[in-house]
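Since the structure of chain Z is provided, determine the placement of chain H on it from the hints.
Keeping their order, the protein sequence lines are chains Z and H. Quick note on numbering: the UniProt record's numbering labels position 168 of the first sequence as 168, and the sequence is numbered without any gaps. Quick note on numbering: the UniProt record's numbering labels position 77 of the second sequence as 77, and the sequence is numbered without any gaps.
Please note that the accuracy of each hint is not assured.
As the list claims (entries may be wrong) - Residues from chain Z that face chain H, not an exhaustive set, calculated with beta carbons under 10 Å: (1) D30; (2) I45; (3) Q46; (4) L56; (5) K100; (6) V103; (7) F157.
Just so you know, these hints were derived from the structure itself, not from any lab. Quick reminder that beta carbons are idealized off the backbone N, C-alpha and C, glycines included.
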Amino acid sequence: MTRPGRHTRAATPFLPGAVLLSALLLTGCDIQSTDAIDAGDPATIQVFPSREDRTLLFFRSGGALMPIARPSAYETMPDLSNPSNPSDRPTTDAATAGTKTLVALLAGPLPAERAVGLSDGLPDLPDLPDLPGEGGRDRSPRVELTKDARTLATLPFALSSLDDLAVRQVICTVAFARDAEGGEPVVLRGTDGTLGPAGCDADIDLGVRPRPALRPDADSS
Amino acid sequence: MKGLRPGRPATPFKLRTRLVLAFLLVAVVSAGTTATLTFREARNSVLRTAQDTAVSSFREQVQQIGVGLPVEDADALSEVLRDIARKGKPHTWIVFAEYGTLRASSGTSPTSTVITPELRRKTVGYPHGSFERVVKDGVPYLTIGMPTVFKVGVGGVLSTGLVLYAVMRMDQEQTQVDALITAARDGAVPGLAIALLPALLAARSVLRPVRELRRAARSMGSGRFDTRIPVRGSDELADLARTFNESAGEIERSVDELQRAEARARRFAADVSHELRTPLAGMLAVTEVLDEDAGRLDPDTAQAVRLISAETGKLAVLVDDLLEISRFDARAAELNTDEVDAAETIAKTLQNRRWTDQVRTELPAGIRARLDPRRFDIVVANLVGNALRHGGVGVTVRLRTRDREDGTGLLVMEVADRGPGIRPEALPHIFDRFYKAEAARTRSTGSGLGLAITQENVRLHGGTIHAANAPREHAGDPAAATGAVFTVEIPLNAGEEPA
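Bound conformation, chain H alone:
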């Protein structure tokens, strides 16, 4: 759960950013498209108006003139052209004329550099007026070509061969178009700014349920199954919240049921153990008496009596161990720590069990640790008893300290024997309840719970226990090459850490 944290702060931003960007994109596209289309329409209208005005007024002006054919006098023609140019609409024109090889204009040069061959070809070869917009050196020009005709007879017309051209700068139209661009931009940009507001609101309305959902999911993860989300509205997010609530309810019911079942099972085991103890106590008292009197019975009966006595003892141990385990399962086990000398504690345990003679010890004095003496006694007794039972002679108990990576001091106790060791495939299960490392041990004196109880006690101290086979260099003589080693590591200040 903690591993997820680094990615978390980016999440709301990402969704919000995406929503805002999407809104802005829509706004940009719509505002931009509208502005562009409007602008284009307006620009075309400006240009069309200017062009239409220019073409029709040019035709009108040209129709005022009269010429003799052939047109011979370039000066007189220029005078006529200047007259037309002055009346140019919407702006003044420069007017050019072509007749045969004659060239005349209202300006200084008799020919124009702006009029394209295309327009000239079209105007000369075709009985219609034409215009062409030309951009030369960044300046837009409107060029108009106007062939002239004269009337012959009724309705007939004949080309005179005289062609007039008008060239008009479109600076003013360019200015108007620029103004249109500015207007379009000024209209579109505030639109984008306004679009930010609904974007943020929408992002908020989406993000709030998502945030609530996240909080609820985390709360569920930490074990509070009664977490519910307020359902608002009837949209997809509300559906999601409703589904979450339903699922949470299901999980809560299932977990409750499981917990109840487990509790029932544990209570049953505890109850059974407890109920067995009372009759067992009576039986134990009886078998003691029978044991004492066994000598006076005939041999067969004596053997049966002793068997009953031994099995009853085992049963009592088993029931005690079961009770102990059920206390661990019910989390009823408590740690009553005291600062003790570890070496002294271990020595006392061995002495109480009368194992001092059979066990070699390496117990450096002066290692102080906070331990629960009773539970540590159980750990030592179980491990040493186990070693004595399965490993035979040469059981060694070593005590030392070492520092963990984070600097905590550890109390390390090793119980080694010189027996056949533990089969590798049995190693992972050695601490399981009722697990027998060897089929031959089924009839051994252990309850099958000893190592499990040991492990629970070590864990209660915040420590670890593991089993291994002894390395070869351990212990001087080659005969003792194998053997099991149980290593217990318990923090020196175990009692100060809340278990």
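One chain only, chain Z, in its complex shape:
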């Protein structure tokens, strides 16, 4: 009578150990799934056309900023004073190139670009004016350099109608038209005031970030 009882009592201390051990052995024998884990830098790839021959426009897709590289030649061909190198263009030319790029942005994506899900997210302009000359009408979109060497982009609509991503689209497009790295700050002027100055932050690639330090300023003329 006592013997079976003692046996079970003697055996009990070993049970948890055995259970623990077998549990230890059984778990994690197979390959387990994991969370998504960081694995280094993104891949740097080539984009055609190459840096000198392209104009970058910034559209959007699914809430992300999408750069589009169009051949510069196509944009600059109608311009009579065609510079071979954007970096040593005269200031007037830089402004002209900026204006053309801005107009191209406002014109929206081409059909092929729309086909892969790109959109501009900017107000549709009923009558997009032709390329304006020097001292064009006040409402026409244009890019010019102010006296203190700032880049000023004039837009034919109210800035308050733009969302953050749209503001960044415009700033980045204008900034990258000004120089290759898009590092220069840009001031936006709309029908309801000015924004900026603000940079594009080229290294911060994706447009989900809200724009930094931009406030509508209604006092300018």
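The following block gives chain H in isolation, referenced to the frame of chain Z:
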């Protein structure tokens, strides 16, 4: 001592089992832990190597490509992806690409079912490559998400919006992990088998002294106080053995002393009795002469002489009884059995004492028993004499036989009287030496040793004696309702059993 035996065989097994189990547990835990930790480390290393190789070579392959922005041609992109997939390391990949709403892959389906929303979210919203291990339908996959950037200016990069994913099956890694499990098991199991050996050795080294100790303790219990245990080594068990030996020595000394003291006391009683007998014999001879001449003395002197004579007789009986008792105490009493007719023996005793007229007998003839006639005579004489002295008239001696539970035949002799009986509180002590059942009996003729000697004689025959008061239905007339009954039970073949 015999009652302990059933539990005994389990004892060495239990300790041994416990020791062996403890050893095995330690071995299992250590071997299992080592094997498990080693296995985990090895498995992680296998997986890490595969993952690192896959991620870095995927990045390398992706960096070879060039695209126009926007990416418009899904077919051309698929061609590029197939190119990458073919160069997959360590195993071929299936490569998927996402750009805007464009989807392309190196396989048949443009989208993957393995890539989780979590990885996609992380890859799209974050300028870093990521990987995630996914187990789908029991097959482990490695999925890598790789966003692409392009250079702008000096050192600046800009996301292209094109994200590439690689999906790689990890079957081969699974095979390697399985091989690791087998290796771990094959390493651990022989380890357990080897651990059995020291376990058994340790159990043996513990159990042997324990067994010796048990044997010694039992030997001590059966009276051999000179038992000692060999002391080996200097561990706790050796200490235990040493303590046992010391205790055994103490016990032996104490027991020796007690035995010597007891023997001295008995010898003294025997010597005293013996020494008293010689002068008593002379005194008895003198008092007999004085008794005969008492008639011629003046009455006062005659009374004194008769008193001296009577007391001297009592003293002689007492000394004889003391001698007899001391022989029992010294275990010097011997049983000289003879096959006799019990009824005849009892009748002869009564006749010799001239009690035949005063005692009623129910003695069926033909009951043969092996008895020591002299000692049985003492038993009968003491009981009947006691009954006559205290119970007065109506003493009855009955003889019969009955069978004990185990089938042994018993000779049963009852001596009953019609006296006042024995007080209940006196019953347990009635056979004690010098115990007087009644204060009034202090001056009775008995030595106070009669019943004690009777009991010793009955015991020597292997029998029992007990005293009781007679039940009421016994004896026909109501006047004899009470009275003491002494019942002696002796095996019929008492002499054949070693006393």
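message = Need the list of violated hint numbers for this structure, in ascending order.
response = Per hint list: 5, 6, 7 violated.
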